[in-house]
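Kindly generate the complete structure, drawing on both the sequences and the hints.
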Amino acid sequence: MRGPGPHRDLEPLLFWPVVQAPRQIAATVLMTLFQNRGWWQWIVLAAGGGFALILGSWLPTSGGSIGGLEACIVHVVSSLLLTTIALTLGARALAGDRAGGLSDLVMSKPLSGASFYIGRFGGLALRLGAAALLVALVGGSALAVLSPRGAFFQVTEPTAMTVAGRPYDAHAGLLLPPDGTAIRWIFRDLEGAMAAARSTADGVQPDRTESGPCLRFDLKLLHPRNSPLRDRLPVRIAIHGGSRELAVHDLELTKRREFRLPLPGSVGSTMEVELSIRDSVGFIETGVRGCRLIHGRVGPVTALIRAQMAFLPVLWFVLALALLFSAVVSEPSALLAATVVMLVIFAAPTLEREIELWRAALAHGEAGVSDTGGDVVRSLDDGGCCEPQPPSGWAGPQGVAAAIVGALVSCADLMISALPELSRGGGTESLAGCECLTAADLRRAWLEVLPRLIVVLLLGGMFTSWRRA
Amino acid sequence: MSTGDVTPLRFEEVRKEFRSVLPRRTVVGLERLSFRLRAGEIVGLVGPNGSGKTTTFRLAAGLLRPSRGTVAVMGLAPGSSRARRLQGYMPEQPGVPDTLTPAELLHFVGRTFGMSRAQRTRRVDELSELLALGGFLRRRMGGFSKGMIKRVGLATALFNEPPLLLLDEPLEGVDPIGAALVKDYLLELARKQSAILISSHILSDVEALCSSLVILNEGRMILSGSKDDILALHDMVVLRFSAPNEEELLEAIEQLIAEREGTVYSTGRPRKNLEDVFKRLLGPGAGREPEL
Numbered sequence: 001m002r003g004p005g006p007h008r009d010l011e012p013l014l015f016w017p018v019v020q021a022p023r024q025i026a027a028t029v030l031m032t033l034f035q036n037r038g039w040w041q042w043i044v045l046a047a048g049g050g051f052a053l054i055l056g057s058w059l060p061t062s063g064g065s066i067g068g069l070e071a072c073i074v075h076v077v078s079s080l081l082l083t084t085i086a087l088t089l090g091a092r093a094l095a096g097d098r099a100g101g102l103s104d105l106v107m108s109k110p111l112s113g114a115s116f117y118i119g120r121f122g123g124l125a126l127r128l129g130a131a132a133l134l135v136a137l138v139g140g141s142a143l144a145v146l147s148p149r150g151a152f153f154q155v156t157e158p159t160a161m162t163v164a165g166r167p168y169d170a171h172a173g174l175l176l177p178p179d180g181t182a183i184r185w186i187f188r189d190l191e192g193a194m195a196a197a198r199s200t201a202d203g204v205q206p207d208r209t210e211s212g213p214c215l216r217f218d219l220k221l222l223h224p225r226n227s228p229l230r231d232r233l234p235v236r237i238a239i240h241g242g243s244r245e246l247a248v249h250d251l252e253l254t255k256r257r258e259f260r261l262p263l264p265g266s267v268g269s270t271m272e273v274e275l276s277i278r279d280s281v282g283f284i285e286t287g288v289r290g291c292r293l294i295h296g297r298v299g300p301v302t303a304l305i306r307a308q309m310a311f312l313p314v315l316w317f318v319l320a321l322a323l324l325f326s327a328v329v330s331e332p333s334a335l336l337a338a339t340v341v342m343l344v345i346f347a348a349p350t351l352e353r354e355i356e357l358w359r360a361a362l363a364h365g366e367a368g369v370s371d372t373g374g375d376v377v378r379s380l381d382d383g384g385c386c387e388p389q390p391p392s393g394w395a396g397p398q399g400v401a402a403a404i405v406g407a408l409v410s411c412a413d414l415m416i417s418a419l420p421e422l423s424r425g426g427g428t429e430s431l432a433g434c435e436c437l438t439a440a441d442l443r444r445a446w447l448e449v450l451p452r453l454i455v456v457l458l459l460g461g462m463f464t465s466w467r468r469a
Numbered sequence: 001m002s003t004g005d006v007t008p009l010r011f012e013e014v015r016k017e018f019r020s021v022l023p024r025r026t027v028v029g030l031e032r033l034s035f036r037l038r039a040g041e042i043v044g045l046v047g048p049n050g051s052g053k054t055t056t057f058r059l060a061a062g063l064l065r066p067s068r069g070t071v072a073v074m075g076l077a078p079g080s081s082r083a084r085r086l087q088g089y090m091p092e093q094p095g096v097p098d099t100l101t102p103a104e105l106l107h108f109v110g111r112t113f114g115m116s117r118a119q120r121t122r123r124v125d126e127l128s129e130l131l132a133l134g135g136f137l138r139r140r141m142g143g144f145s146k147g148m149i150k151r152v153g154l155a156t157a158l159f160n161e162p163p164l165l166l167l168d169e170p171l172e173g174v175d176p177i178g179a180a181l182v183k184d185y186l187l188e189l190a191r192k193q194s195a196i197l198i199s200s201h202i203l204s205d206v207e208a209l210c211s212s213l214v215i216l217n218e219g220r221m222i223l224s225g226s227k228d229d230i231l232a233l234h235d236m237v238v239l240r241f242s243a244p245n246e247e248e249l250l251e252a253i254e255q256l257i258a259e260r261e262g263t264v265y266s267t268g269r270p271r272k273n274l275e276d277v278f279k280r281l282l283g284p285g286a287g288r289e290p291e292l
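Each protein sequence line maps, in turn, to chains A and B.
Numbering (our numbering) for the first sequence: 1 to 469.
Numbering (our numbering) for the second sequence: 1 to 292.
No wet-lab data here; the hints were simulated from the structure.
Each residue gets a CB set at the ideal place from its N, CA and C atoms; glycine is no exception.
Just so you know, not all the hints are guaranteed correct.
Far from chain B, by Cβ distances over 10 Å, these chain A residues were calculated [said to hold, decoys possible]:
#1 Asp97
#2 Arg188
#3 Gly192
#4 Ser243
To give a feel for the contact side, a few chain A residues facing chain B, derived at Cβ under 8 Å [what the hints assert, rightly or not]:
#5 Gly100
#6 Gly101
#7 Leu102
Residues of chain B placed beyond 12 Å of chain A at every Cβ, according to the derived structure [claimed, not checked]:
#8 Arg15
#9 Glu17
#10 Glu92
#11 Pro176
#12 Glu207
#13 Arg220
#14 Glu254
#15 Thr267
#16 Gly268
Encoded structure:
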């Protein structure tokens with residue numbers, strides 16, 4: 001047996017959480033999962049959380065009566081609401097454990113405070129999350145009936161725009177035409193931008209790779225892997241100057257594309273670029289971070305993916321906060337466990353991206369090459385639009401290390417990123433008369449959702465009664 | 001801390017303070033408490049409410065740390081994982097999850113000790129039989145009586161068959177049959193060299209079970225020692241006798257005491273205690289004509 005000394009403190013700090021904690025945390029999570037005190041509260045809270053998630057992911061950010069700002073508020077409020085609910089329930093559960101004597105009973109066993117608190121919070125978060133996911137799934141699949149076309153795509157706003165090599169930022173953001181079949185961006189003051197680019201007085205050099213004045217911008221397509229169309233979306237880009245159609249390009253929109261559109265000599269001061277889904281009647285729905293193109297029929301799997309995508313970040317966030325909270329209230333070894341879990345949670349998406357780049361680079365025989373600082377290179381093709389080149393962003397172990405460091409930063413970023421969206425109202429602009437969901441659609445949605453919700457509640461009630469019997 | 005110390009429980013000059021921030025004040029829960037609990041011994045911790053009994057138990061279980069002094073379980077710090085494997089603690093109010101069954105809770109406790117499923121199942125069956133939990137083992141604990149919850153709490157304390165048992169009011173609220181079962185089992189454990197610290201407001205239970213006593217008042221130990229020493233009233237003698245002409249003999253004895261300037265406090269016939277009556281009426285072999 002060891003005498004007193006610093007190593008006696010180090011042992012539980014370093015090894016105990018690794019060897020013992022997972023099993024005992026799992027035992028506590030199990031215990032908490034089956035503890036159904038105040039089941040009706042859970043149903044109400046989970047139902048609220050689930051519908052907040054659905055609304056947050058489905059509300060249009062432009063057009064209709066609900067704008068981007070409201071959608072952002074719904075998102076932020078629902079996240080905060082769920083976080084608050086989870087923390088409150090967790091704190092109440094722990095206070096109840098103390099007052100009721102459960103913590104004395106359990107913690108006199110070889111179970112550390114860290115395991116107990118993590119297990120309790122983890123179990124609570126899991127229960128809340130599972131219930132909210134169930135509600136989101138039921139509601140999401142019901143709402144999916146409303147939009148019979150749908151695979152999940154999200155297109156960000158144009159970024160990194162230049163006119164003839166000169167920075168250009170006079171666009172109007174995402175616009176929805178009244179029929180809801182396309183996304184439009186309006187570019188303003190192009191003549192002024194071209195005149196400025198032609199001038200050498202300000203020291204700006206024209207882009208030598210372009211034969212003439214050219215509008216260049218990036219578009220990013222998010223979550224293409226969840227689509228039946230995989231990572232390529234056939235789209236049509238039409239350029240309008242005033243009332244005339246100046247050019248039409250049919251191409252496949254990949255995960256990220258850079259577009260270089262030669263500007264016709266007769267372009268006016270305003271040009272409109274319209275992105276629509278080719279060979280299909282598109283349906284457009286806007287989200288918080290951009291615009292979603294819905295294509296194809298939504299089945300249960302797609303609905304599941306949607307709900308999952310809307311839900312998972314919130315669950316991770318709640319879990320991370322719970323872990324941090326438990327680390328604060330219990331012993332230091334919890335801090336280590338919490339840090340590891342948070343790293344995994346927040347590093348996972350970044351690592352996944354790195355691995356994706358690595359695989360893509362391997363496929364093109366260029367693994368290990370990193371001459372563009374991780375950016376994706378595009379070349380001109382297709383009448384001004386470009387085809388993708390092999391990505392070369394894999395930076396090896398340094399990239400993984402950077403991803404882990406980045407994950408730490410993203411913890412703070414997660415909270416901060418919501419603020420600008422709030423202030424700019426989702427970065428969208430409405431056109432008069434554009435609507436994604438009408439009041440009739442919402443009524444239909446409720447009619448679809450309510451019977452399913454009642455069935456779920458009845459099943460939940462029967463299950464609870466059976467458990468109590 | 002000494003590693004060669006095999007004393008199951010040792011308190012040495014222990015002081016425990018409770019500090020509150022708002023309002024800022026310090027309350028002394030225990031002051032200079034020292035005693036030892038040896039293997040095979042049952043020590044009763046008695047005292048009025050607020051005397052520091054539960055604080056003593058929580059210190060021994062490692063749920064509190066002493067402000068001063070030393071608490072050791074087999075020479076180990078009570079909060080350490082190894083010490084917790086050697087002890088079983090039953091709080092005064094064992095909180096049990098309402099919607100779990102005793103079997104589920106006991107399996108959870110077994111998991112914390114790293115026991116296999118087969119080991120846990122065997123132990124659940126043993127304790128179920130011992131504490132008469134059979135009919136309740138698969139029922140949710142939400143509607144359990146206080147006595148039944150005590151039995152479940154006792155089962156959690158006994159689950160790992162620890163050499164040191166810390167039982168805070170284990171018999172409070174337990175019916176006489178259950179209490180008799182528990183007391184018999186505790187005496188059996190003591191015979192097997194387990195050390196048991198027990199507190200109870202039911203002094204007859206303490207008297208029946210314990211070989212030593214520690215009496216607390218307002219956080220201070222006012223008396224400790226073997227039960228026989230403490231219970232012996234040195235200025236009084238009790239004479240129990242039977243004789244054919246007992247009334248005459250009793251008068252003669254009283255007269256003799258008076259002649260020697262002594263005082264007779266009471267005379268009367270000894271009574272059986274209520275527990276015996278309950279056992280005869282409701283215990284094993286009940287139904288025979290009670291012998292009152």
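Now for the hints, and whether the structure bears them out:
1. Separation of Asp97/A from chain B is inadequate, the least Cβ-Cβ distance of about 7 Å not exceeding the 10 Å criterion.
2. Distance check on Arg188/A: its Cβ is at least 61 Å (rounded) from any Cβ of chain B, clearing the 10 Å threshold; non-interface status holds.
3. Remark: the non-interface label on Gly192/A is consistent with the geometry, its nearest Cβ contact in chain B lying 65 Å away (cut-off 10 Å).
4. Separation of Ser243/A from chain B is adequate, the least Cβ-Cβ distance of about 69 Å exceeding the 10 Å criterion.
5. Annotation: Gly100/A was flagged as interfacial toward chain B, and the flag holds, the nearest CB pair being 3 Å apart, inside 8 Å.
6. Interface restraint check for Gly101/A: the shortest CB-CB distance to chain B comes to about 3 Å, inside 8 Å, so the restraint holds.
7. Among the interface hints, the one on Leu102/A holds; its C-beta lies about 3 Å from the nearest C-beta in chain B, closer than the 8 Å criterion.
8. With a least beta-carbon separation of about 20 Å from chain A, Arg15/B lies farther than 12 Å from that chain, consistent with its non-interface assignment.
9. The beta carbon of Glu17/B is kept farther than 12 Å from every beta carbon of chain A, the shortest such distance being approximately 19 Å.
10. The claim that Glu92/B is not at the interface with chain A is violated, since a C-beta of that chain comes within 12 Å of its own (minimum 7 Å).
11. Distance check on Pro176/B: its Cβ is at least 24 Å (rounded) from any Cβ of chain A, clearing the 12 Å threshold; non-interface status holds.
12. For Glu207/B, the shortest C-beta to C-beta distance to chain A comes to about 27 Å, beyond the 12 Å cut-off, and the non-interface label holds.
13. Look at Arg220/B: its CB is around 24 Å from the nearest CB on chain A, clear of 12 Å, so calling it non-interface holds up.
14. Under the 12 Å C-beta cut-off, the non-interface status given to Glu254/B relative to chain A holds; the minimum distance is some 53 Å.
15. The non-interface label for Thr267/B is consistent with chain A: the shortest C-beta to C-beta separation is roughly 47 Å, beyond 12 Å.
16. With 12 Å as the threshold on Cβ separation, the claim that Gly268/B sits away from chain A holds: the shortest Cβ distance comes to roughly 43 Å.
The structure shown violates the earlier hints numbered 1, 10.
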